[in-house]
Amino acid sequence: MTGRYLSQSSDWDFELIELYEAEIARIAGGFGLDTYPNQIEIISAEQMMDAYSSVGMPVGYNHWSFGKQFVNVEQRYKRGHMGLAYEIVINSNPCIAYLMEENTIMMQALVIAHACYGHNSFFKNNYLFSTWTSADSIIDYLLFAKKYINDCEERYGHESVEMLLDSCHALMNQGVDRYRRPPKLSAQRERARQKDREAYLQSQVNHLWRTIPQAEKPEGADEEERFPREPQENLLYFVEKHAPLLEPWQREIVRIVRKLSQYFYPQRQTQVMNEGWACFWHYTLTNRLYDEGLVNDGFMLEFLQSHTSVIGQPGFDDPRFSGINPYALGYAMMSDIRRICENPTAEDRRWFPDWAGGDWLKVLDFAMRNFKDESFIAQYLSPKLIREFKFFTVIDDDEDDALEVVAIHDDAGYRKIKRALVEQYNLSHREPNIQVHDVARRGDRSLTLRHLECDRRPLDESADEVLKHLARLWGFDVRLESVREDGSVDATHEVKAEH
Amino acid sequence: MSVVVDRRLNGKNKSIVNRQRFIRRFRSQIKEAVSDAIKNRGITDIDRGEKINIPKRDISEHVFRHGNAGRRKFTQPGNQEFVTGDRIARPPAGGGRGRGGEASDQGEGLDDFVFELSREEFLDFFFEDLELPDLVKTQLTTITEHRYRRAGYTHDGVPCNINVVRSLQGALARRIALRAPHRARLREINDQLAALNDDCVGEDEQQRYLDLEGERDELWRRIRTIPFIDEFDLRYNHRVRQPLPTAQAVMFCLMDVSGSMDRERKDMAKRFFTLLYLFLTRNYERIDVVFIRHHTIAKEVDEEDFFYSRETGGTVVSSALKMMHEIIVDRYSSAQWNIYAAQASDGDNWHGDSPVCRELLLEKIMPCLQYMAYVEINAEERQRLWQEYERVCARYDNFAMRQIQTPADIYPVFHNLFARKPA
Numbered sequence: 005m006t007g008r009y010l011s012q013s014s015d016w017d018f019e020l021i022e023l024y025e026a027e028i029a030r031i032a033g034g035f036g037l038d039t040y041p042n043q044i045e046i047i048s049a050e051q052m053m054d055a056y057s058s059v060g061m062p063v064g065y066n067h068w069s070f071g072k073q074f075v076n077v078e079q080r081y082k083r084g085h086m087g088l089a090y091e092i093v094i095n096s097n098p099c100i101a102y103l104m105e106e107n108t109i110m111m112q113a114l115v116i117a118h119a120c121y122g123h124n125s126f127f128k129n130n131y132l133f134s135t136w137t138s139a140d141s142i143i144d145y146l147l148f149a150k151k152y153i154n155d156c157e158e159r160y161g162h163e164s165v166e167m168l169l170d171s172c173h174a175l176m177n178q179g180v181d182r183y184r185r186p187p188k189l190s191a192q193r194e195r196a197r198q199k200d201r202e203a204y205l206q207s208q209v210n211h212l213w214r215t216i217p218q219a220e221k222p223e224g225a226d227e228e229e230r231f232p233r234e235p236q237e238n239l240l241y242f243v244e245k246h247a248p249l250l251e252p253w254q255r256e257i258v259r260i261v262r263k264l265s266q267y268f269y270p271q272r273q274t275q276v277m278n279e280g281w282a283c284f285w286h287y288t289l290t291n292r293l294y295d296e297g298l299v300n301d302g303f304m305l306e307f308l309q310s311h312t313s314v315i316g317q318p319g320f321d322d323p324r325f326s327g328i329n330p331y332a333l334g335y336a337m338m339s340d341i342r343r344i345c346e347n348p349t350a351e352d353r354r355w356f357p358d359w360a361g362g363d364w365l366k367v368l369d370f371a372m373r374n375f376k377d378e379s380f381i382a383q384y385l386s387p388k389l390i391r392e393f394k395f396f397t398v399i400d401d402d403e404d405d406a407l408e409v410v411a412i413h414d415d416a417g418y419r420k421i422k423r424a425l426v427e428q429y430n431l432s433h434r435e436p437n438i439q440v441h442d443v444a445r446r447g448d449r450s451l452t453l454r455h456l457e458c459d460r461r462p463l464d465e466s467a468d469e470v471l472k473h474l475a476r477l478w479g480f481d482v483r484l485e486s487v488r489e490d491g492s493v494d495a496t497h498e499v500k501a502e503h
Numbered sequence: 004m005s006v007v008v009d010r011r012l013n014g015k016n017k018s019i020v021n022r023q024r025f026i027r028r029f030r031s032q033i034k035e036a037v038s039d040a041i042k043n044r045g046i047t048d049i050d051r052g053e054k055i056n057i058p059k060r061d062i063s064e065h066v067f068r069h070g071n072a073g074r075r076k077f078t079q080p081g082n083q084e085f086v087t088g089d090r091i092a093r094p095p096a097g098g099g100r101g102r103g104g105e106a107s108d109q110g111e112g113l114d115d116f117v118f119e120l121s122r123e124e125f126l127d128f129f130f131e132d133l134e135l136p137d138l139v140k141t142q143l144t145t146i147t148e149h150r151y152r153r154a155g156y157t158h159d160g161v162p163c164n165i166n167v168v169r170s171l172q173g174a175l176a177r178r179i180a181l182r183a184p185h186r187a188r189l190r191e192i193n194d195q196l197a198a199l200n201d202d203c204v205g206e207d208e209q210q211r212y213l214d215l216e217g218e219r220d221e222l223w224r225r226i227r228t229i230p231f232i233d234e235f236d237l238r239y240n241h242r243v244r245q246p247l248p249t250a251q252a253v254m255f256c257l258m259d260v261s262g263s264m265d266r267e268r269k270d271m272a273k274r275f276f277t278l279l280y281l282f283l284t285r286n287y288e289r290i291d292v293v294f295i296r297h298h299t300i301a302k303e304v305d306e307e308d309f310f311y312s313r314e315t316g317g318t319v320v321s322s323a324l325k326m327m328h329e330i331i332v333d334r335y336s337s338a339q340w341n342i343y344a345a346q347a348s349d350g351d352n353w354h355g356d357s358p359v360c361r362e363l364l365l366e367k368i369m370p371c372l373q374y375m376a377y378v379e380i381n382a383e384e385r386q387r388l389w390q391e392y393e394r395v396c397a398r399y400d401n402f403a404m405r406q407i408q409t410p411a412d413i414y415p416v417f418h419n420l421f422a423r424k425p426a
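Heads up: the sequence lines are chains A and H, in that order. Counting from 5, one number per residue, gives the positions in the first sequence under the numbering used here. Counting from 4, one number per residue, gives the positions in the second sequence under the numbering used here.
Treat the hints with care, since some could be wrong.
[Claimed, not checked] No farther apart than 35 Å at their CA atoms in a straight line, the calculated lysine-lysine pairs in the DSBU-like style are these:
no., chain 1, residue 1, chain 2, residue 2
1, H, LYS59, A, LYS150
2, A, LYS128, A, LYS199
3, H, LYS54, A, LYS82
If you are wondering where the hints come from, they were derived from the structure by calculation, not from laboratory data. Owing to the predicted nature of the structure, the values given are computational and were not obtained by experimental measurement.
So that you can see chain A by itself, here it is in the shape it has in the complex (with noise of 0.2 Å):
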């Protein structure tokens, strides 16, 4: 027996890679997960800083904000305040996933199982990511970007291009489409395309801000019609198209934030269901492994002893606590939505009656292609998860002098907490919803946003830096109404452009 064993001690070198990938791909196989190829990059500690600080792209353009990062996480690293990630893994084809060199062997299994065959399925066969985001193009479009804003920098000075890429980020958010789906991103054409498309832009926006007259319109009707004529919510791709004074080069790199911030955007929405499923799978895969009697109980025991770690969840009240652990949560819906296929109880029927007592790589496999965190828990998450995490909802409401629950784990609020942790995962929720309103073109040229308030939730103080950045790259005034949610409507923030 013992002789079957891949491993005995904890070193690692790259053969023994190699041998764990090729059995780890093997049961995956069986498994039926379908993935990207692997490219699996064998990293220092040093290089993981790095990794993490560019936000996990593999070649990122310079700024002084993922320098801030970097000095945050090699300070926090050095003085042992946080250990790095294991791995970082990148939405490409072929999937690049990093590995510390400092892992042990036992480790380098579990990352690859987790990022190589967890994280690579759900990138490859989730909608969010296959609709958004295009893993062939990502790396070329990011070398594309760094270069193009690298010679930004050289014709036009570092500071203007800070500047820029500062105002940019603070409205990222802002410049995602949620909903019309975006073209591929190729760097080839992108190249090819951008010279036709500066010229293109310029022109559009010099017809918007044309000031000869036009044709006598019949009366009235001129005046009436708002620009744009149904709000925007994307204000990144709205000040890429209209801003009257932006140079081309600067509409180009809003466009490359923008495309940026809509590659991410899967990521953002998928985290409790992509890091549950990279979980349930090196979970799965491991103890196949072990089954099958490759590695021995020291491996099995190390591999526990992370494995819980991570998916551990303090409670509210735990000095560890710091929300919920995504982690924790997919993990555990995952599971769950193995066991209600294999042992169903008499609740888990009667709330899943679809597809409770069905073949669980198939109900998964199904979770995992067509939902983003929002509705997958409003699709699957079980009374007994409730009860197990002991979730509560508390109101907070200003006008009530103390916080009221309204909800705990037991039959009149199962439908409650699901619905109300359903809203906490839905990012347009928890995102102050912004709207491009109305442009005078006839008189300052102002830009006016709308704020949709919901539950009376205002914008904080940050609001009127990020307006100063939004007046920056518009050139002119810029306000900001609030509409209540009994339609009335308020100015609460104005810009002055800087001239």
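Since the structure of chain A is already known, use the hints to place chain H on it.
Using the frame of chain A, we list chain H on its own:
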């Protein structure tokens, strides 16, 4: 299909550009932190990195976020005691984040953003005010000078380093060693041939004779083909870099601590002393620093007292000079020590004392010194002491003096010192 790639040897300082941009962006905050650090550090301690604190709100990046008002709903795990309908008193605003109610992305604390400047970065900021020329900056930041020393021989090197004697010795030894077995066999063959020579009769013997002769010729051929010198024999002189052995130096810091030297002047004086100290650390292995403060009487003190205690009273500069001379005679003979002195004052001196100072300097002190620099910080008007010192300055070109108002004025005092090639 999977590939495993080893990237460990790829560059690791990918983030260095971003780091520098970060530092450039927060120059002013970092500079403030650096000048605080300079105030709080001993001058012998200036030569290392520094932890920098920047208030977090200064460097946060702004995005649209929800504020803390309105009707907020949150769901958390770990309920122990609550039941539906419970009402919980609202925790005081801003009071410890115990409840964990707020979503963590809103919990922007007021803690400082802390990070470490490297030694080079720190010195860079330190030098900035002083307006040092670039050459001097590099001179001060390079750690140690190196010199090449011979360290035996190596197998590889450049042709100009070939050691002929060694190489030929090696070749000789190799030739002897490689020929030895052939020679031994040759001797045997020769003996056998001689034996055969004596009774050369039968055909067998004749054949054997010819075979042996053939083998002998073959052996000779082999011996001749062993090259006289081979690449393998080449030896090169080996040289290694060794840090330059440096001598010892003592630095005297003299400062007037009478009432008129206020905080600000002392800070300026500190920078003045620090700069000289930094210069010395580049050139000397071991540096002693002697602090002498004086008002009407001089006293040798430690650095803490030197910069931070205040006394009132008149000013007699010669007392300090006298004491310095005594210490030199006593502990630092100029044969063994390079002696440097730096004096800072606001220019006040008891009237009759200034000529005494001049005498002391001219006759006793200057002859044993490498260099002396004198600064008057924010002096109201030039006084007698300045005039007397000017006479010293005229006699000795390793005496420098200057009146300074801002940190940028300090460096020119040392101009000659830095311009000189270090000993």
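Hints versus structure:
This hinted pair checks out: LYS59 (chain H) and LYS150 (chain A) have alpha carbons roughly 28 Å apart, not beyond 35 Å. Restraint check: the Cα-Cα separation between LYS128 (chain A) and LYS199 (chain A) comes to about 32 Å, which is no more than 35 Å; the hinted pair holds. For the hint pairing LYS54 (chain H) with LYS82 (chain A), the CA-to-CA distance comes to about 13 Å; that is within 35 Å, so the pair holds.
Checked against the numbered hints given earlier, this structure breaks none of them.
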